[in-house]
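J.: Each chain, letter by letter, is given below.
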Amino acid sequence: MSSTGATSPSSETIERKRSRAPLYAVVAIVVVIVIVVAGFYAGWFKSASSASSGNCAPPTGVTIIGAGSTLVYPLMFQWETVFGGGTTVNYASVGSSAGITDISAKTVDFGASDAPLNPAQRATAAGVLTIPESAGGVVPIYNLPGVGTLNFNGTVLADIYLGTISYWNSPALAALNPDASLPDQPIQVVYRSDGSGTTFIWTSYLSLEDATFASQIGKGTQVDWPVGSGEPKNAGVAGYVQETPYTIGYVDLNYALNGGIQFGRVENPQGNFILASVNNTASALRDANPTLPAGNGDWYNVSVLNAPGLYDYPITSLTYILVYQDLSGAYGSSFSLNQAKALVDFLYWMVTTGQTYSAELYYVPLPPSVVANSEASIGSITFNGATVPNSCGSSV
Amino acid sequence: MFLGFVTAGGVVLLVLIFLILAVLIAQSEPAFRAFGLEFLVGTRWDVTRQVYGVIPFVAGTLITSGIALLLGLPLALGAAIFLTTQAPVAFRGPLGTVIDLLAAIPSVVYGFWGLLVLAPFMRTTADPALQRYLGWTGAFGGTATGTGVLTAGVVLAIMVIPTISAISRETLAAVPASQREAALSLGATSWETTRVASLPYARAGIFGATVLGLGRALGETMAVTMTIGNHDAVPTSLFSQGQSIASLIANELVNNTGPLQYSAIIEAGLILLMISLLVNVGARLLLWRVTGSVGSEAPR
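In order, the protein sequence lines correspond to chains P and Z.
First residue of the first sequence: 1, per our numbering; consecutive thereafter.
First residue of the second sequence: 397, per our numbering; consecutive thereafter.
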């Protein structure tokens, strides 16, 4: 622009440049630190030997993607972290209904749902296997200042959710809790606002216990509640109930135990009021001893509710993995044999070694009869017409 | 070059609107085929029986937005008049900035505040008082649980204030000083000056600001989802839990239980778009009638 600009830089300019050198050094160091820290978290420096997937040897460099149930997410997160050997598992906890939608649309390698596929969903997701991978219970939570652990039974819970019992001091509730000083306050019902497997388990139980509930509302992941307010996810229901006096809601047992949330006892068919625990949910699952269909069969009416044991907790359920039986047929050429192997290894590991992580997270390990069913289903998964072998040294 | 660029900008936006409309119409077709006009008058939303009607959500949307305007407009207008004419000059800038800042708060924060602070206050203090003194109107029946259409409306009112106030302030500031001085020299009080000189001059702008605020209230999702109670039924009182169209989409679109529910939710979205369109067109027509006789710029 100006002719003076062509002259050599003045000493002042050099001075300024020199004084910037330390700044550049600091920036460089910061950049290096950021890259190292990011790399550390991204797993760049993790040696392959640090992964511990039991005796499995899944293929390396493969990522498998799953989505669905929020109930199973804490356990799935643990599984994702522990299962290694170069296979990465990414699970998105988007809710059971969304998991079913995703597997139907083939946007994920496996779905997870606490509710089995209903007849319409089975028609949409043809060729999908239903594989139990864990189990849990659903518990009633409530907020009554100064009142201890309450007793409930199926009909009372159904009447509360129908709105026919609308006060905490109603005679039906008082009869179950003769020692509690129940307040003369309206009951505020809270339910899940999102399509939820927990809602499916809860409404299945209430339908089983109460004919009016079954005919007026029925079971489903989302139903037409006559009373109450909806909150999203377990956290939304639990948070709202803990925040608001005179509310009642329902959450997963593992969520209540992990969060230290107070919940009520529920009467089982043998007339005992049971405070849910991992132990009495596990025994319920063993005692219910359900007749399980084949993986590609109809699971809609499989139920482990109201188990016959004397001290079994009544509101229990299996939770399921949904995966295509014919992987090459479902996903086409975009799906490799290595992906198939990684997926089968992960599923197999999940229902065997993976079960040992259940108890510490308050999940119920699957009983052997259920594991056998799951193993058989996993063994029936094919790729290009051949059974996909698993590398976990099993006899399947 | 420049002309081509700005033309492209305009055309792309126009195409975008039509694409959105086309997708909404195409995806809501199954629901329209199944329910037809029943969808528009249906008051039941029953996922188990696959019966869908949009009235609960239209009601929830209109009631919450109505409350928002009813409470928000006087406050926003008051703030705008105060800041342009009454406040000490040194404070006008900073105070205006603070009100504008309200618009920068993410809506999830409003929702969280609504759920944790406002809802308990409504339940324990405001709702019982309303029931006691205004219960005869019939609008405050039932049990106050904290969440509900009234709470959502109050949160929305706070959220529309910065929108309405900022634009009203601009238009009020544009009122020529000579207008106000003329009124004052005739012995008018502050209120009279505002009424005869400022407000008529600025009414087109204030009206536009109100429509923009209403648009924000109609479409607000997060804060409403967190405070309205998410109950798929027509509210029977202002304490009732309800659902707006936006909160319906937030709650149920991702977690839909089948193609028909998905399609029904999309159709509800289409109806929300129609409501917004009607509000805008209606407001424009009203504006013409109001300002047409005196000219849209300034009263003569």
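One or more hints might be untrue.
[Said to hold, decoys possible] The calculated label-pair distances, taken between Cβ atoms and stated as ranges, are:
| id | chain 1 | residue 1 | chain 2 | residue 2 | range |
| --- | --- | --- | --- | --- | --- |
| 1 | P | Pro-178 | Z | Ser-672 | 49 to 59 Å |
| 2 | Z | Val-402 | P | Gly-86 | 46 to 56 Å |
| 3 | P | Thr-60 | Z | Gly-406 | 44 to 54 Å |
| 4 | Z | Leu-471 | P | Ser-166 | 31 to 41 Å |
| 5 | P | Val-31 | Z | Leu-497 | 29 to 39 Å |
[To be verified] Each computed SDA-like pair below joins lysine to any residue, with the alpha-carbon atoms no more than 20 Å apart:
| id | chain 1 | residue 1 | chain 2 | residue 2 |
| --- | --- | --- | --- | --- |
| 6 | P | Lys-106 | Z | Thr-539 |
| 7 | P | Lys-341 | P | Thr-353 |
| 8 | P | Lys-106 | Z | Gly-654 |
| 9 | P | Lys-106 | Z | Val-650 |
| 10 | P | Lys-233 | Z | Ala-646 |
| 11 | P | Lys-106 | Z | Leu-649 |
| 12 | P | Lys-233 | Z | Leu-649 |
| 13 | P | Lys-106 | P | Asn-296 |
| 14 | P | Lys-341 | P | Cys-392 |
| 15 | P | Lys-106 | P | Cys-392 |
| 16 | P | Lys-233 | Z | Met-618 |
| 17 | P | Lys-341 | P | Gly-61 |
| 18 | P | Lys-233 | Z | Val-504 |
| 19 | P | Lys-233 | P | Pro-74 |
| 20 | P | Lys-233 | Z | Ala-584 |
[Unchecked claim] With the C-beta cut set under 10 Å, the calculated list includes, among others, these residues of chain Z facing chain P:
| id | residue |
| --- | --- |
| 21 | Arg-445 |
| 22 | Val-447 |
| 23 | Leu-512 |
| 24 | Thr-533 |
| 25 | Ala-535 |
| 26 | Gly-537 |
| 27 | Thr-539 |
| 28 | Met-622 |
| 29 | His-627 |
| 30 | Ala-629 |
No lab work stands behind these hints: they were computed from the structure.
Cβ atoms here follow ideal geometry from the backbone N, Cα and C, with glycine treated the same way.
J.: Please go over all the hints and tell whether each is borne out by the structure.
T.: Outcome of the hint check:
1. Pro-178(P) x Ser-672(Z): 49 to 59 Å: holds, 56 Å
2. Val-402(Z) x Gly-86(P): 46 to 56 Å: With a Cβ separation near 53 Å, Val-402(Z) and Gly-86(P) satisfy 46 to 56 Å, so the hint holds.
3. Thr-60(P) x Gly-406(Z): 44 to 54 Å: holds, 52 Å
4. Leu-471(Z) x Ser-166(P): 31 to 41 Å: Once the Cβ atoms are compared, 37 Å apart, the range 31 to 41 Å for Ser-166(P) and Leu-471(Z) holds.
5. Val-31(P) x Leu-497(Z): 29 to 39 Å: Given range 29 to 39 Å: holds, Cβ gap about 34 Å.
6. Lys-106(P) x Thr-539(Z): Violated, because 45 Å separates the two Cα atoms, which is more than 20 Å.
7. Lys-341(P) x Thr-353(P): holds, 17 Å
8. Lys-106(P) x Gly-654(Z): This hinted pair holds, its Cα atoms lying about 15 Å apart.
9. Lys-106(P) x Val-650(Z): holds, 16 Å
10. Lys-233(P) x Ala-646(Z): Distance of about 13 Å is within 20 Å: holds.
11. Lys-106(P) x Leu-649(Z): Given pair Lys-106(P), Leu-649(Z) holds - Cα atoms ~18 Å apart, limit 20 Å.
12. Lys-233(P) x Leu-649(Z): holds, 15 Å
13. Lys-106(P) x Asn-296(P): holds, 17 Å
14. Lys-341(P) x Cys-392(P): holds, 11 Å
15. Lys-106(P) x Cys-392(P): Between Lys-106(P) and Cys-392(P) the Cα gap is close to 26 Å, so the pair fails against 20 Å, i.e. violated.
16. Lys-233(P) x Met-618(Z): With a Cα-Cα distance of about 15 Å, the restraint between Lys-233(P) and Met-618(Z) holds, given a limit of 20 Å.
17. Lys-341(P) x Gly-61(P): Given pair Lys-341(P), Gly-61(P) holds - Cα atoms ~12 Å apart, limit 20 Å.
18. Lys-233(P) x Val-504(Z): holds, 16 Å
19. Lys-233(P) x Pro-74(P): holds, 14 Å
20. Lys-233(P) x Ala-584(Z): violated, 59 Å
21. Arg-445: holds, 7 Å
22. Val-447: holds, 8 Å
23. Leu-512: Since chain P brings a Cβ to about 7 Å from Leu-512(Z), closer than 10 Å, the hint holds.
24. Thr-533: violated, 21 Å
25. Ala-535: Violated, about 19 Å.
26. Gly-537: Nearest chain P Cβ about 13 Å off; hint violated.
27. Thr-539: holds, 5 Å
28. Met-622: holds, 9 Å
29. His-627: Where the cut-off is 10 Å and the nearest Cβ of chain P is about 5 Å from His-627(Z), the hint holds.
30. Ala-629: Check passed: Cβ of Ala-629(Z) comes within 8 Å of chain P, closer than 10 Å.
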